[in-house]
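> Generate coordinates for the entire structure from the input sequences, incorporating the hints supplied.
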Amino acid sequence: MHNLGTVVRFEVSRTLKKKSFWIAALAVPIIVGLVGAVIYFSNKTTDTQSKNLANEHYSLGVTDNSHLIVPEFLKAVGAVQMSDKTTGQAAVKSGKIDAYFYYPTEISKQPVEVYGKDVGLFKNSRYQELADQLLKQSISSTTNPSVRSILQSTVSYNQTTFTSKGEVDKGFLKLIAPGIFLVLFYFMIATFGNQILTSVTEEKENRVIEMILATIKPTTLLVGKLFSLIILALIQMFVILLPTIAGYFLFKNQLSLPNFDLSTLPIDPVAITLGAVIFIVSYLMYTAILMTLGAAMPTAKEAGGFFGAVMALTFGPLYAAPLFITSPDSLIVQILSYFPLTAPIPLLLRNAVGNLPLVPALISITILIITTIFVIRIGVRIFRFGALEYSRKLSLKEIIGRRS
Amino acid sequence: MSTTNALVSIDHFRMDFGKTTVIKDLSFSVKKGETFGFLGSNGSGKTTTIRALLGIYQPTSGKLLINGQPYAVNGDVKLGYLPEERGLYKKEKVLDIMVYFGQLKGMSRSQAKNWSLDYLRHVELEAKSTFRLDKLSSGQQQKVQLGIAVMNNPDLLILDEPTKGFDPINRRLLMDIIEEHQQKGATVIFVTHQMEEVERLCDRILLLKDGQRRLYGTVDDVKDEFGTVVLEVVSDYPIPANEKLYSIERKEGKVTTLQPKANLLMIQRSLTSSGVTYTRFELKRPSLDDIFVKVYGGTTEEKSYYA
Numbered sequence: 001m002h003n004l005g006t007v008v009r010f011e012v013s014r015t016l017k018k019k020s021f022w023i024a025a026l027a028v029p030i031i032v033g034l035v036g037a038v039i040y041f042s043n044k045t046t047d048t049q050s051k052n053l054a055n056e057h058y059s060l061g062v063t064d065n066s067h068l069i070v071p072e073f074l075k076a077v078g079a080v081q082m083s084d085k086t087t088g089q090a091a092v093k094s095g096k097i098d099a100y101f102y103y104p105t106e107i108s109k110q111p112v113e114v115y116g117k118d119v120g121l122f123k124n125s126r127y128q129e130l131a132d133q134l135l136k137q138s139i140s141s142t143t144n145p146s147v148r149s150i151l152q153s154t155v156s157y158n159q160t161t162f163t164s165k166g167e168v169d170k171g172f173l174k175l176i177a178p179g180i181f182l183v184l185f186y187f188m189i190a191t192f193g194n195q196i197l198t199s200v201t202e203e204k205e206n207r208v209i210e211m212i213l214a215t216i217k218p219t220t221l222l223v224g225k226l227f228s229l230i231i232l233a234l235i236q237m238f239v240i241l242l243p244t245i246a247g248y249f250l251f252k253n254q255l256s257l258p259n260f261d262l263s264t265l266p267i268d269p270v271a272i273t274l275g276a277v278i279f280i281v282s283y284l285m286y287t288a289i290l291m292t293l294g295a296a297m298p299t300a301k302e303a304g305g306f307f308g309a310v311m312a313l314t315f316g317p318l319y320a321a322p323l324f325i326t327s328p329d330s331l332i333v334q335i336l337s338y339f340p341l342t343a344p345i346p347l348l349l350r351n352a353v354g355n356l357p358l359v360p361a362l363i364s365i366t367i368l369i370i371t372t373i374f375v376i377r378i379g380v381r382i383f384r385f386g387a388l389e390y391s392r393k394l395s396l397k398e399i400i401g402r403r404s
Numbered sequence: 405m406s407t408t409n410a411l412v413s414i415d416h417f418r419m420d421f422g423k424t425t426v427i428k429d430l431s432f433s434v435k436k437g438e439t440f441g442f443l444g445s446n447g448s449g450k451t452t453t454i455r456a457l458l459g460i461y462q463p464t465s466g467k468l469l470i471n472g473q474p475y476a477v478n479g480d481v482k483l484g485y486l487p488e489e490r491g492l493y494k495k496e497k498v499l500d501i502m503v504y505f506g507q508l509k510g511m512s513r514s515q516a517k518n519w520s521l522d523y524l525r526h527v528e529l530e531a532k533s534t535f536r537l538d539k540l541s542s543g544q545q546q547k548v549q550l551g552i553a554v555m556n557n558p559d560l561l562i563l564d565e566p567t568k569g570f571d572p573i574n575r576r577l578l579m580d581i582i583e584e585h586q587q588k589g590a591t592v593i594f595v596t597h598q599m600e601e602v603e604r605l606c607d608r609i610l611l612l613k614d615g616q617r618r619l620y621g622t623v624d625d626v627k628d629e630f631g632t633v634v635l636e637v638v639s640d641y642p643i644p645a646n647e648k649l650y651s652i653e654r655k656e657g658k659v660t661t662l663q664p665k666a667n668l669l670m671i672q673r674s675l676t677s678s679g680v681t682y683t684r685f686e687l688k689r690p691s692l693d694d695i696f697v698k699v700y701g702g703t704t705e706e707k708s709y710y711a
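As given, the protein sequences belong to chains W and R, one line each in that order.
Residue numbers are given in our numbering: position 323 of the first sequence equals residue 323, and the series is strictly consecutive.
Residue numbers are given in our numbering: position 157 of the second sequence equals residue 561, and the series is strictly consecutive.
The set of hints was computed from the structure by calculation and includes no laboratory data.
Quick caveat, the model's predicted, so the values are computed rather than measured.
You may find that some hints are simply not true.
Stated by the list, open to error - Using 16 Å as the maximum straight-line C-alpha spacing, the simulated EDC-like pairs for lysine to aspartate or glutamate come out as follows:
1) R:K494 to W:E202
2) W:K301 to W:E202
3) R:K627 to R:D693
4) R:K568 to R:E488
5) R:K495 to W:E205
6) R:K494 to W:E205
7) R:K495 to W:E202
8) R:K655 to R:E686
Said to hold, decoys possible - So, partial list: chain W residues that the calculated Cβ filter (under 7 Å) puts toward chain R:
9) R207
10) V208
11) A214
12) K217
We put the CB at the ideal spot given by N, CA and C, even for glycine.
Put into C-alpha cells, the structure is as follows:
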C-alpha cells in the first residue's frame, strides 16, 4: 500500500477544488432545507384544513337507525332527520342537500353510509369527518358501558359522492389515467437522465466531435440526439411495461392477482390531454437541459455533480405534494407551478388530482415550451463552442461572450 | 494574393482566444486540384486555421472561404476531414461507424457499406469490420478514421497531421491513399510538420510561425529562394571548426552539414590538412527540414512568392 496516502490526499484535494463537487454537495442540503420548510408549512396547512373540514357547514340529512346520535348535536350542525336511506340518497343526488348520513342499526357490524355532493377528491373527506365526529361525540356523552364499548371497536364508513350530474363519483380512480404521466415522467428522467447526459459528454470524451461538426450542423446533431433519446426512453418504457401487462393477463388467476376492470376507469379527456402535453414538454425541457449540461462539461464524471443538482430541483417539489393537493392557490404552489425547472411535478400532480385549471395550465405549458426552445438554443451554442474543449468546462461568460 | 481558380481562400484571418492572439493576419489560397502543405510547429496555429475554415471556430476577423463561400456542411464542396484530435465511437463496430459517417456524408446505406468493406479490404482490416473499435490497435483505428475522411470521394481533403501514430508501412499506405485521391482530382490540404511527406506530395507550401506566414510558394521556389546550397560531408572524423571557410550547421551521426563560405577546393584542402578523410563530400540544396529548422531557429525573414 505504498503511496496510498499520497493518492488519497491528491484525489481528495483535487475533488475539493472542483466547483461541481461543491454545487452537488451544497445543492442537496439547500434543497432539502427548502423542501423541509415547504413540508412544514404544508403539514400545518393540511392539519388545519383537516380540522376545518369537519367544521364546515353544509346542508345535511341524517337517518339514525342506531339511535346513538344525540339529536342536539344534529341540530347544532343544522341536520335534517330523514325517514329512510332512499330519500336521503335521492336528495343528495338531485342536489337538494349537500350530504346524507345513514347510521345503521348495528354500528359495530354494519358500515355507516355517507353520501355527499362531490367537492373535490380531498375536500370530500369532510363528510366522513363530520359523520365520525357526530357518532363519537354522541357515544362519549353517554355513560352506558355497552354503548361506550363501540368507541373501542372500529367503525367502518362507506362514502359515496355524486357529481353535479348525479353520477357516482369515481374518487381515486380518477387519478389513475392522468396520474400515469407523473409516473412516466419520474420513471423516464430517473432511469434515462444519466444516459442523456453521457450521450453528449461521451462524444467529447471520444474526441469524435470534430469530425461530426465538419459533417453535420450542431443543431441537427443535438436535436437528433434529443429525439433519439426520447425514442430510446419510450422503447425502454415499453420493454418494461409490456411483459408486466402480458404477465398480469396470463398469470392473474394462478397468482391470485386482483382483478382490475379497466372499463370502470374514469377517462377525463381534458385531464389526460393536459397530462400528456405537460409530460412531453417537461421531458423535452429536461432532456434539453441535460444535453446542454453535457455539452458544457468535459467529461461525464464532471457533469455528474450538476446532474445531481438538476435532479434535486426536479424531484424536490415531490416532497411538497400535500400542498399541491390541498392548497393549489397558495403562493408557494403558484411559484413552483410557474417556475419552469420545478413546474413538471406540481403540474402533473395537480392535473392528476383535478385542481389544475385550464388557463393556468396553458400558461405553464407555454412557459415550459419557451424555456425548452431557449435551452436548446443555448445548448447548440455551448455545443458548438464547447465541443472542442476537451479538458475544461466553459464558463457562462465565454458562452455568452463568444460571437455566433 | 491571387485567388484565381482557388478552392480555398483565406484573407486577413485573425484569431484571438481571449487576450491571446493565435493567428495575426494570415492570407493564402489553395488552388483546385493542388496538394497544399500547411506547415508549422506545434502550436503555430495550423489546426486553429483549419477549424476556422470549417466554421468550428468563429474568426475574430477576416474571410475564410471554400469555393467562394463560408463552409457549409451541406454546401457544394464535398469535404473529407481528418482532424488532429483523433477519435471515433469506441464502443461501436467498425463497419457501423463507417456506414454512419458515410450516410452523414450523403451516401446511401448500401453504398456506404460497400465502400467501407472495399476500403477495409484495401487496408487489410476486412476481418475486423465487425469488431468494436476499441478492440483495434491505435494504428488500425487511425486507418478507420482515415477511411471515414476519404469516404464519398471528397473534393477537398483536409488532413491534419495524418501520419501521427502510423508506423512506416502504414505511413506508406496512407501516402498511397492520398495520392489516389490526388489523381482523382481532389484538392488536398496537408497539415503537418513532417517534411518528408510534404516534399513528396505537395505542390505548394505555407509555413506558419507565431500566427504569421513565413514561407509561401512551391516547394522548389521555397528551396531556391530560401536556402543557399549546403555542403554535406560524411566522415568518421569530427569536422573541425573553420569560420573563414565554412560554418557548421548541423551534425547527425557521421553526417555534418556545412554552410560553405569559400570554394569547395579550399574546403577540401583544409579538411585533408586537418587529417579528416570522408566518404562523401557533396553540395546539396537544403531540405524542407533544414528550412523548417532555420525558420524556427528565428533566422529567417518572411519570404513570399505569391503575395
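> Against this structure, judge whether each hint is valid.
A quick look at each hint next to the structure:
At roughly 10 Å between alpha-carbon atoms, K494 (chain R) and E202 (chain W) fall within 16 Å of each other, so this suggested pair holds. Taking the CA atoms of K301 (chain W) and E202 (chain W), the gap is about 10 Å. The hint holds against a cut of 16 Å. At most 16 Å may separate the alpha-carbon atoms for a hinted pair to count; K627 (chain R) and D693 (chain R) meet this at roughly 11 Å. Note on K568 (chain R) and E488 (chain R): the hinted pairing holds, with a Cα-Cα distance of about 8 Å set against a maximum of 16 Å.
Taken as a hint, the K495 (chain R) and E205 (chain W) pair is honoured in the structure, with Cα atoms around 12 Å apart against an allowance of 16 Å. Taken as a hint, the K494 (chain R) and E205 (chain W) pair is honoured in the structure, with Cα atoms around 10 Å apart against an allowance of 16 Å. Under the criterion of a C-alpha separation no larger than 16 Å, the hint pairing K495 (chain R) with E202 (chain W) is consistent with the structure, at around 10 Å. At roughly 15 Å between alpha-carbon atoms, K655 (chain R) and E686 (chain R) fall within 16 Å of each other, so this suggested pair holds.
Contact between R207 (chain W) and chain R, as hinted, is supported at the beta carbon level, the nearest pair being about 3 Å apart and thus within 7 Å. This hint holds: V208 (chain W) has a C-beta 5 Å from the nearest C-beta of chain R, less than the 7 Å allowed. Contact between A214 (chain W) and chain R, as hinted, is supported at the beta carbon level, the nearest pair being about 4 Å apart and thus within 7 Å. A hinted interface residue such as K217 (chain W) counts as satisfied when its beta carbon comes closer than 7 Å to some beta carbon of chain R; here the least separation is about 6 Å, so the hint holds.
The structure shown violates none of the earlier numbered hints.
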